[in-house]
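> Go by the hints and put chain L onto chain U.
Residue numbers (our numbering), protein chains in the order written: chain U, 1 to 328; chain L, 1001 to 1207.
These are calculated hints, taken from the structure and not from any lab test.
Incorrect hints may have been included.
Pairwise CB distance ranges, derived in the manner of DEER restraints [claimed, not checked]:
1) L:G1027 x U:P129: 37 to 43 Å
2) L:V1193 x U:E71: 48 to 54 Å
3) L:V1193 x U:G15: 49 to 55 Å
4) U:E14 x L:V1193: 46 to 52 Å
5) L:P1105 x U:P266: 51 to 57 Å
6) L:S1117 x U:S284: 51 to 57 Å
7) L:G1027 x U:A123: 53 to 59 Å
8) L:P1105 x U:P129: 26 to 32 Å
9) U:A112 x L:S1045: 46 to 52 Å
10) L:P1105 x U:A112: 33 to 39 Å
11) U:E71 x L:G1102: 17 to 23 Å
Every value quoted in this text rests on a predicted model; they were computed, and no experiment measured them.
All residues carry an ideal CB built from backbone N, CA and C; glycine is no exception.
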Amino acid sequence: MKAIEFRGVSKQFEGAPRPAVDNVSLSVDGGEFVVLLGPSGCGKTTLLKMVNRLYEPTSGTILVEGRDIREGSVTDLRRGIGYVIQQTGLFPHMTVAQNIAVVPRLLKWPAAKIDERVDTLLALVGLPPQEYRARYPAQLSGGQQQRVGLARALAADPHIMLMDEPFGAIDAITRTRLQGELLDLQRQLHKTILFVTHDVEEALRLADRIVIMRAGQVVQYDTPFNILTQPADDFVRDLVDAHDILRQLSQVRVATAMTPAADPLPPDDAPLLHPDDDLREALSLFLRTGANSLPVVDGDRVVGRVELASIRARAEDNRTPTASPKMP
Amino acid sequence: MTYLTRYPDRVLELLRQHLVITAIALGIALLLAFPLGILVARRRSLDVPVVGVLGVIYTIPSLALLAFLIQPFGLGLRPLLLALVLYVQFVLVRNIVVGLRGVDPAILEAARGMGLSSMQSLAQVELPLAAPIILAGVRLATVTILGLATIGAWIAAGGLGVLFNEGIAQDNPDKIQAGALVIAVLAIGLNQVLLWVERWAGRWRTG
Chain U
1 MKAIEFRGVS KQFEGAPRPA VDNVSLSVDG GEFVVLLGPS GCGKTTLLKM VNRLYEPTSG
61 TILVEGRDIR EGSVTDLRRG IGYVIQQTGL FPHMTVAQNI AVVPRLLKWP AAKIDERVDT
121 LLALVGLPPQ EYRARYPAQL SGGQQQRVGL ARALAADPHI MLMDEPFGAI DAITRTRLQG
181 ELLDLQRQLH KTILFVTHDV EEALRLADRI VIMRAGQVVQ YDTPFNILTQ PADDFVRDLV
241 DAHDILRQLS QVRVATAMTP AADPLPPDDA PLLHPDDDLR EALSLFLRTG ANSLPVVDGD
301 RVVGRVELAS IRARAEDNRT PTASPKMP
Chain L
1001 MTYLTRYPDR VLELLRQHLV ITAIALGIAL LLAFPLGILV ARRRSLDVPV VGVLGVIYTI
1061 PSLALLAFLI QPFGLGLRPL LLALVLYVQF VLVRNIVVGL RGVDPAILEA ARGMGLSSMQ
1121 SLAQVELPLA APIILAGVRL ATVTILGLAT IGAWIAAGGL GVLFNEGIAQ DNPDKIQAGA
1181 LVIAVLAIGL NQVLLWVERW AGRWRTG
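Bound conformation, chain U alone (with noise of 0.2 Å):
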């Protein structure tokens, strides 16, 4: 079973000329890191708000674990959802552990858990609960802010995350850091996340798989890796390309890249890679090493390989001209 199925999804805004988004259909596992990437008016947000019914579909289907989400009650689908947008999101007149609390109190869950739940919550976001739990948003920064707004997303403990350029509207330092966080989280909790960026470095971090759209449709769905060396057409080559190579390898997990296989473990010495090493430090381990193919090592076993043949094809493919010649 998917976690979010879309199937031939439209919608239609009244007098728009075209739909924002247009037949749409792809799944995302459950588990999985999935960023809608493209410009603005490509109607990647609005095929993140379809999944919590914030808007309607014109026609199509989604279906949430399994369930079409027009069955049951709208607040009851949202409840079960998370839901983080930028940092204005966070309610300005509660506390922190008032905001953390909301869905739980919809929820009825006894005061003593919300308390329990909400001190939980801060830990792991990294913020002290007796240090913060009695502030306002006011009273935080914009990276603090964003922290409470996950924390307040997580704090009914919902498989499915939503997120809408929640970093959007903090400064590139602090963006940095909160997407390492995101990612060191996701590897403890496994949540289901759909998360919208215009921010191509962003969905290539982040991304276990990318979602790249453009007028309404999807152009290509793939890892950000295969998105890099394959890319499906000029505009996606366009959008992901990046005049600094290095750079952008940095951005992308070696998890993401390399081909699953479970070889006999390496000698102690011998060079290898973890999954969460970007490509560019597989790079300088080739370029160091002189190897062609490298064994990708999570705790004690071999999970995959990934070959510098793959990297030098992105490399390549980014010297040769990118221009089709186009019919008068």
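Chain L only, in chain U's frame:
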């Protein structure tokens, strides 16, 4: 100032009447203004008809409004309460509308997205966020009613205005001064208390 010290019981009784009139008028005014304000806040098309009409009522001189209401309702408490309630609707409704409309749409969407029903969103998010502005309206309405209620004496509704009437009729400035002093202290005191409430309701803003 001798009237106040010589007849404290009479002044206290009139003060009690005055406070009862103020409380009842304010209570009815709020019961009316909240549903009306919430409705108008959600429907922009009601702006001109509702707030416009209330604005016109607000500009009618209070004595004229009272005189107008005596015809159908006679003398006594009823026309006075009606006049007071009508008079402050403009301030109350306008502030409720402005307060609710001022809530950031992103916050409303967060509330909806998290699974608050529209009543829960109103009670737990929108009204608390609008509270400082709404309370500013309540403060203004309270002080207005307090002052305006003195005209109740003209139509035999009681209250501290009785001291003004008698003072004028008997050419007794002492009575007028006593009434004015009590009203002034009351108005300033209530205004201050409500100002504190207002600040408390907006304590999250400054941080």
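> Each hint: holds or not?
Hints and how they fare:
1. L:G1027 x U:P129: 37 to 43 Å: Once the Cβ atoms are compared, 42 Å apart, the range 37 to 43 Å for P129 of chain U and G1027 of chain L holds.
2. L:V1193 x U:E71: 48 to 54 Å: Given range 48 to 54 Å: holds, Cβ gap about 52 Å.
3. L:V1193 x U:G15: 49 to 55 Å: holds, 51 Å
4. U:E14 x L:V1193: 46 to 52 Å: Holds: the Cβ-Cβ distance is about 49 Å, inside 46 to 52 Å.
5. L:P1105 x U:P266: 51 to 57 Å: Check passed, 56 Å falls within 51 to 57 Å.
6. L:S1117 x U:S284: 51 to 57 Å: About 55 Å separates the Cβ atoms of S1117 of chain L and S284 of chain U, which means 51 to 57 Å holds.
7. L:G1027 x U:A123: 53 to 59 Å: Since the Cβ atoms of G1027 of chain L and A123 of chain U sit about 47 Å apart, the hinted range of 53 to 59 Å is violated.
8. L:P1105 x U:P129: 26 to 32 Å: Holds, since P1105 of chain L and P129 of chain U (Cβ atoms, about 31 Å apart) stay within the stated range.
9. U:A112 x L:S1045: 46 to 52 Å: Distance hint for A112 of chain U, S1045 of chain L holds at roughly 48 Å.
10. L:P1105 x U:A112: 33 to 39 Å: holds, 35 Å
11. U:E71 x L:G1102: 17 to 23 Å: Since the Cβ atoms of E71 of chain U and G1102 of chain L sit about 37 Å apart, the hinted range of 17 to 23 Å is violated.
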